[in-house]
Structure formats: C-alpha cells, structure tokens
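There are 2 protein chains.
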Amino acid sequence: LERPEVTEPAIRLYPLRGIPEIVPGDDLAAHLLESAQRDEIALSNGALLVCQKVVSKAEGRVLRLADIEPGPEAMRIAAEDDKDPRQVEVVLRETARIVRRGHRVLISQTHHGFVCANAGVDLSNAHEEDGAVLLPVDPDASAARLRRALIDAGAGPLAVIVTDTFGRPWREGLVDVAIGSAGIEPISDLAGVPDLAGRELVVTATATADQLAAAAGLLMRKDSGIPAVWIEGVSVDGDGSIRETLRDPETDLFR
Amino acid sequence: LERPEVTEPAIRLYPLRGIPEIVPGDDLAAHLLESAQRDEIALSNGALLVCQKVVSKAEGRVLRLADIEPGPEAMRIAAEDDKDPRQVEVVLRETARIVRRGHRVLISQTHHGFVCANAGVDLSNAHEEDGAVLLPVDPDASAARLRRALIDAGAGPLAVIVTDTFGRPWREGLVDVAIGSAGIEPISDLAGVPDLAGRELVVTATATADQLAAAAGLLMRKDSGIPAVWIEGVSVDGDGSIRETLRDPETDLFR
Numbered sequence: 001l002e003r004p005e006v007t008e009p010a011i012r013l014y015p016l017r018g019i020p021e022i023v024p025g026d027d028l029a030a031h032l033l034e035s036a037q038r039d040e041i042a043l044s045n046g047a048l049l050v051c052q053k054v055v056s057k058a059e060g061r062v063l064r065l066a067d068i069e070p071g072p073e074a075m076r077i078a079a080e081d082d083k084d085p086r087q088v089e090v091v092l093r094e095t096a097r098i099v100r101r102g103h104r105v106l107i108s109q110t111h112h113g114f115v116c117a118n119a120g121v122d123l124s125n126a127h128e129e130d131g132a133v134l135l136p137v138d139p140d141a142s143a144a145r146l147r148r149a150l151i152d153a154g155a156g157p158l159a160v161i162v163t164d165t166f167g168r169p170w171r172e173g174l175v176d177v178a179i180g181s182a183g184i185e186p187i188s189d190l191a192g193v194p195d196l197a198g199r200e201l202v203v204t205a206t207a208t209a210d211q212l213a214a215a216a217g218l219l220m221r222k223d224s225g226i227p228a229v230w231i232e233g234v235s236v237d238g239d240g241s242i243r244e245t246l247r248d249p250e251t252d253l254f255r
Numbered sequence: 001l002e003r004p005e006v007t008e009p010a011i012r013l014y015p016l017r018g019i020p021e022i023v024p025g026d027d028l029a030a031h032l033l034e035s036a037q038r039d040e041i042a043l044s045n046g047a048l049l050v051c052q053k054v055v056s057k058a059e060g061r062v063l064r065l066a067d068i069e070p071g072p073e074a075m076r077i078a079a080e081d082d083k084d085p086r087q088v089e090v091v092l093r094e095t096a097r098i099v100r101r102g103h104r105v106l107i108s109q110t111h112h113g114f115v116c117a118n119a120g121v122d123l124s125n126a127h128e129e130d131g132a133v134l135l136p137v138d139p140d141a142s143a144a145r146l147r148r149a150l151i152d153a154g155a156g157p158l159a160v161i162v163t164d165t166f167g168r169p170w171r172e173g174l175v176d177v178a179i180g181s182a183g184i185e186p187i188s189d190l191a192g193v194p195d196l197a198g199r200e201l202v203v204t205a206t207a208t209a210d211q212l213a214a215a216a217g218l219l220m221r222k223d224s225g226i227p228a229v230w231i232e233g234v235s236v237d238g239d240g241s242i243r244e245t246l247r248d249p250e251t252d253l254f255r
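Residue numbers (this note's numbering), protein chains in the order written: chain A, 1 to 255; chain B, 1 to 255.
Calculated directly from the structure, the hints in this document are not laboratory data. Just to be clear, a hint being listed does not mean it is correct.
The list treats identical chains as interchangeable, and a pair is accepted whether it falls inside one copy or across any two copies.
To be verified - Below, simulated SDA-like cross-link-like pairs (lysine to any residue); rule was C-alpha separation at most 20 Å, straight line:
1) 83 / 111
2) 83 / 130
3) 83 / 105
4) 83 / 234
5) 83 / 251
6) 83 / 73
7) 83 / 253
8) 83 / 103
9) 83 / 153
10) 83 / 101
11) 83 / 204
12) 83 / 69
13) 83 / 104
14) 83 / 172
15) 83 / 95
16) 83 / 64
Bound conformation, chain A alone (with noise of 0.2 Å):
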C-alpha cells in the first residue's frame, strides 16, 4: 500500500555527514559527493548548502596568528577593546569600511560588500589553535566551482549556495545567510505577481537564498559537524550572483 502523496514533505533536508576535517587544497566536491553517496543522497534537483568554514578552508583561505604582523590601527582597536592585535589586524585587511564599532564589537563592511561581524573572519573551528579563516576571495566564484565539478561528476541539475552564519541589528542571535551562489536566482522577485485578492504585490522580492541558508543553518550548528546540507522541493532555476542582494548605498538607511 502506498503511502498518499500529500503526506509527502515538500521540502527535505538531509544533512551530509561523515565530511572530515577540510585543509587545504582538500577536494572539497568530491568529499561532498562520498558523503551524499555513502548515504543515498542524489545531488538532483536541489540546492546544496556549503559553510563558508569548509570552503575557505579547501581554498587556503586560512592564517596563523603568529605570521601576522599588527599596524597602528590595530593596535589602537586592540588596546581600546582588550582583543588580541594579531585578530584585530587581519579584520582590519578584510574591511573595506568600518561600519560600527562598540561594545567590544567590530562591524565591517568587507571588500564583497557584506555588512557583518569582524568581516565574516572567524576564530572558531579553525583547527589550528592561532588559526582564523578568512570569507573566500569570491564566493560567488567558489559556488560556480564546487556546482562545475559535481555536474562534471554526474550529479545536478542542482545549485550551490555558500552560506555563513551572521548576526542581525536588533534581534539577537545568529541566522546563515547566502554569501555566493550558483544556480539559482538568490532573490525570487513577485513585483507585479497579483496577491489572492487580485491587487498587484509592489515590494514582495524574497531572498529565496538567505531563506534556504537560515533551513539549513537548523542543520549545520558549530557543534553538529554537518559543513553541508541538501534540500528537495526547491525550484533551482537562473544563476545569479549574491551581489543582486546587496542593497545600493544610495537607498540604504543603514550606512
């Protein structure tokens, strides 16, 4: 007896397990294709959620603290916030603007354009014990890679979205937003969609990719050991870059 297809779930998530510790120059596709392998995942029509950790980490994207030497600036934000100058030096290379700091806290608009916490540079689950991973150069760029190598392995159609986890003005806590993609359009734009009582929807663009990276950060908490997520039920159509979601300057209210 079948079960009826309306109790079927419309979205799945399935965690990719088993992915070792990343270090550079790790073939990060091909790890993910043996963990989706090894537990009956086809990497069909879906979307594959990344964290940035992992991909920076096969990229080389990572520093030791003892290589890195302090300037001024970073000396003086050290002193004042009682941080470690070596950490408050390498933000400082990944920020293009400071966009707020206090509280200890140091907000950074980086050279991609994302408004976030010591410009997304993590000390955290760096293995190494003075280490700190940088965002990659282009995550745009890094989605493109890792979505190319899975296709040329026989898996797809499927997108690749490269998520980090951030905080929020306001609200407390840290959602994983979408900070490069591949294969898919990261904002579903309704503007001229009629709503249910026949009015035209004006300003309903939804970030379809931040809303996939929020499903798949229920998954990949720092203390799970899951760098990646597969989710069904998603239609994975166009390929747009992340930059359509940052907002223009001139319209922000935020600067």
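Place chain B on chain A using the hints.
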C-alpha cells in the same frame, strides 16, 4: 524492501493547504487542524509556523482606511512621501519610535519592540480593497493560545511560531522572521559548548525560531495561499518568549 533509514530527510516541511480566507472571529486552530488532517499530517513532534496575517485577521486586527482620521504628523509625512495619509496614520499608531525615514520608506520600532518597515502594517492580502492588517497585540500570547487549542484538540507535542516577513538593512529581499513563539526556545544558546577542535564557543547563540521562520517562508510566499507550514525534525523543548530575540538597546549599535 525498506529504504535505509539514512535516506530519510532530517528536516521535513509540509505546507498546510486549503485554508480558506480567514476573517475576524474565525477559529484558526480548527482550520489548521482540518487542513493537517485532510493531508494526513500528524501535528506531533514538530513546529507549526503560522503567518502573522491569518493570526491577525482571526484576532480582528484589521482596519478599514475609510474609518481612519489622519492626524497632523501623518498628513505631513504623507505629503512629503506622496502616500495615503490614512495609511501613514495607521503606521504611526503602531509605532513606538521612528528608527529611520527616507526614500519613501518608514522604519519603525513597534510597541512590541520589533524594528521593521511600516510597523508591520500590511496593505497587501488584506482582502478588503481599503483594508490594513496590523500585527497581533501580543504575538507570544497568540502563539500560546493557538498551541493550547491544538493540544486540547489532541495535537502535540508541538511548538507554535507566528511569523512575519521583514526586510533587512544592507541586504535586498525579504525574509520571514519569528514574532511570537510558544513551546520552544527561540534562541539556542551554545555559549560554553566546545567546538570540534575542543575550544569553547563563546558567542554562538543561534536564532532557531528565525531559522524555522525563514525555512517556512520558502513555502509561505505571498502568491502561494499557504498561511502555515508544519516542520518536523527539530526539537521543541522549552517555552521562551520572542522578546528574548530583541536586542538590548544598551548594546544596539544601530538605534
């Protein structure tokens, strides 16, 4: 032959379909239950995400603009921003503090403490041509009442989360966030838990309720007619208020 357990999705999302247009006084819990039963979805061991619009409508938080008399401040802002003064008046009544105003956008802090555009007042999907839907007076209480009614009808254990669709600074596109919760801790605090390298994770509070809301948002798009989503595969311990997600103004760098 049984499918191996490993291929079962860890998190599963089910849209609650066929819920009619809700009007003031409707028994929303009964509609949710009926929809779940029709699709053989057992509301047990999971989280029920319900969009604010149907909660507000059932609670009668609906106004007709024809009944609104705009005051001087609403008249002034409406003239400056080329808006309907009655619409601005409704927004101002729901506003505790104007956070930013510019580019015809008004960002408010609501009386609950949420920071969002137009104090959460919604003119789309309001059914009536000149209707406005306000946020619930106390969304935590709304979630708790719904949860109680569902448990009394035999559902549960479950969490209920009321969601709304908010914009963000710096990033385009809307995401769904939690504005009320019952039967779950909205923030999962990992402070003190060791990371995989054995170091203590210092700041790792995850906004679980917001991640669930964003996941549900993948199915609750404004043109979909899906006002509620059932999510399985998440633990539903605790019973925290969504006020825990509101950042203390003392440490808020974006007042």
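Now for the hints, and whether the structure bears them out:
For a Cα distance limit of 20 Å, the shortest separation of residue 83 from residue 111 qualifies neither inside one copy, at 23 Å, nor across copies, at 37 Å. In this assembly of identical chains, residue 83 and residue 130 lie within 20 Å of each other by CA distance solely inside one copy; the values are 14 Å within and 55 Å between copies. In the homo-oligomer, the alpha carbons of residue 83 and residue 105 lie at most 20 Å apart inside one protomer (10 Å), although the nearest pairing across protomers, at 38 Å, exceeds that limit. In the homo-oligomer, the alpha carbons of residue 83 and residue 234 never lie at most 20 Å apart, since the shortest distance is 43 Å inside one protomer and 36 Å across protomers.
In this assembly of identical chains, the alpha carbons of residue 83 and residue 251 lie at most 20 Å apart only when taken from different copies (18 Å versus 34 Å within one copy). For the homomeric pair residue 83 and residue 73, the shortest alpha-carbon distance inside one copy (13 Å) is at most 20 Å, but the shortest distance between copies (46 Å) is not. Taking the shortest alpha-carbon separations for residue 83 and residue 253, only the inter-copy value of 19 Å comes in at or below 20 Å, while the best intra-copy value is 30 Å. Only within a single protomer do residue 83 and residue 103 lie at most 20 Å apart by alpha-carbon distance; the minimum there is 12 Å, versus 39 Å between protomers.
Taking the shortest alpha-carbon separations for residue 83 and residue 153, neither the intra-copy value of 45 Å nor the inter-copy value of 55 Å comes in at or below 20 Å. Within a single copy, residue 83 and residue 101 get their C-alpha atoms as close as 13 Å, which meets the 20 Å cut-off; across copies the closest is 36 Å, which misses it. Proximity of residue 83 to residue 204 under the C-alpha cut-off of 20 Å is restricted to the inter-copy arrangement: shortest distance 18 Å between copies versus 42 Å within a copy. Taking identical chains as interchangeable, the C-alpha atoms of residue 83 and residue 69 lie at most 20 Å apart only when both belong to the same chain, with a minimum of 15 Å there against 55 Å between chains.
Taking the shortest Cα distances, residue 83 and residue 104 sit within 20 Å of each other inside one copy (8 Å), while across copies they are farther apart (41 Å). When the C-alpha separation of residue 83 and residue 172 is checked against a cutoff of 20 Å, the pair qualifies neither within a copy, at 22 Å, nor between copies, at 33 Å. In this assembly of identical chains, the alpha carbons of residue 83 and residue 95 lie at most 20 Å apart only when taken from the same copy (17 Å versus 39 Å across copies). Proximity of residue 83 and residue 64 under a CA criterion of 20 Å is satisfied intra-copy only: 16 Å inside one chain copy versus 55 Å between copies.
Going through the hint list in order, the structure does not satisfy hints 1, 4, 9 and 14.
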